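Given these sequences and hints, build the entire structure.
Under full-length UniProt numbering, the first residue of the sequence shown is numbered 1, with each subsequent residue one higher.
No wet-lab data here; the hints were simulated from the structure. On a predicted model such as this, the values are computed, not experimentally measured, just so you know. Each statement offered as a hint is correct.
Straight-line distance between alpha carbons at most 30 Å, and here's what the computed BS3-like set of lysine-lysine pairs gives:
| hint | residue 1 | residue 2 |
| --- | --- | --- |
| 1 | Lys-317 | Lys-300 |
| 2 | Lys-286 | Lys-344 |
| 3 | Lys-312 | Lys-278 |
| 4 | Lys-156 | Lys-345 |
| 5 | Lys-312 | Lys-300 |
Derived Cβ-Cβ restraints for the label pairs, each shown as a range:
| hint | residue 1 | residue 2 | range |
| --- | --- | --- | --- |
| 6 | Trp-104 | Gly-242 | 20 to 30 Å |
| 7 | Ser-192 | Cys-256 | 33 to 43 Å |
| 8 | Phe-302 | Thr-255 | 52 to 62 Å |
| 9 | Arg-285 | Thr-331 | 26 to 36 Å |
| 10 | Leu-267 | Leu-114 | 38 to 48 Å |
From the three backbone atoms N, C-alpha and C, an ideal C-beta is built for every residue, glycine too.
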Amino acid sequence: MRAQKSESNFLFLPNKLPFDKWPAEHSDVHYILNVSEHLLSERKLHRKTSAPSRQIAKMEKFRLLQNIVVKQHTTLGYGFLALATAGGEQLFNVIVFNCPCNSWNFAYSLTFLLVPALVLFLLGYYLSSRTWKLFTSCCFHTAKQCPKRVFCRGLKVFSQITMGALVAPVTWISVALLNGTFYECGMSGYSSDLLTQRLCGKSTSCQLNLVKLPCGQTSTSPSNQDEFIFVLRAQSQVLGWGLIATIMVFGLASTCIQRCCSPISFLQLQFWKTYKEKENELLERKSAEHATELAERNLKSFFECVELKEIKTPSRKAWEEISLLYSFSNTEEYYSTIHKYVEKKTVEDIVPSSSTVHLVLDFVDSGAESGGGSADTHV
1 MRAQKSESNF LFLPNKLPFD KWPAEHSDVH YILNVSEHLL SERKLHRKTS APSRQIAKME
61 KFRLLQNIVV KQHTTLGYGF LALATAGGEQ LFNVIVFNCP CNSWNFAYSL TFLLVPALVL
121 FLLGYYLSSR TWKLFTSCCF HTAKQCPKRV FCRGLKVFSQ ITMGALVAPV TWISVALLNG
181 TFYECGMSGY SSDLLTQRLC GKSTSCQLNL VKLPCGQTST SPSNQDEFIF VLRAQSQVLG
241 WGLIATIMVF GLASTCIQRC CSPISFLQLQ FWKTYKEKEN ELLERKSAEH ATELAERNLK
301 SFFECVELKE IKTPSRKAWE EISLLYSFSN TEEYYSTIHK YVEKKTVEDI VPSSSTVHLV
361 LDFVDSGAES GGGSADTHV
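Here it is as structure tokens:
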């Protein structure tokens, strides 16, 4: 009976009494429940505190990735351009290219090798904001008796733009040579006694059927056909790797020369790049805000027939000054044409005689790349 009573108390006491007034025989149960309640509260607290910390950690990782992309946007952009060009060449080779296997082999292959490269080269000029800054600057100075130093600066800037525009076409030609298909088709139709003798020796039938080699329609044995193809492909790949090595050596040498001739220190150069990135971002945002405000005012005045609210906008002369190409001066330290304009607030001495163009400072005029038809004044 006592056991039953104890069991009965155990069943009904939790609903009638608080934990601290339970009988002594239920002290173990009381302890277990207290521990469980404590663990549950700790778990809830941990969830509340850990969720924001995980979000903060994710945001920190995202900011780190964003900073890397912003700092290396030029390198990443060129890398993405090279990969896209290589992928386009492979797709072009598989879908479009089809060797005619006749006397047109050489002209056909040369067209597929060089014409897309030329198109990519011209697109590199067209999509560069510096190209249009250079042309607008040249036109601006031409109307004002363009001095010789401005012409020399323009040639230096044009050479920098050309180096950037060469990335895509050189990638196209290099990948095409490494693949070997264009070269095989082209050289099989190239009328060169030296090449013909090297591939065919004194075999007359081989020399006559060499143009049909890429299509496998020659009368020679399959082993000889494969041997000829391997020789042409090896020559193509050697030329491709040679072109890549030449470009890499030239790029490294030019970068070293730029750094050696830099008029400023490495840390100041890093600060300068950071300043230009922030200035470009803010200029884009402020321009959009100002244009929106001006458009809203004009439309409101037109539709509601209200008086115009005065909104100050930079003059045409101010836009011309900040749109000029940047030139470094040892006597004046300005980080951009906008910086120079707001410091001087004058149209005098736009291009000082002591100013020069340094290749290491080409980023000052780069800004946000846009189409050729736009008036890009980001730098």
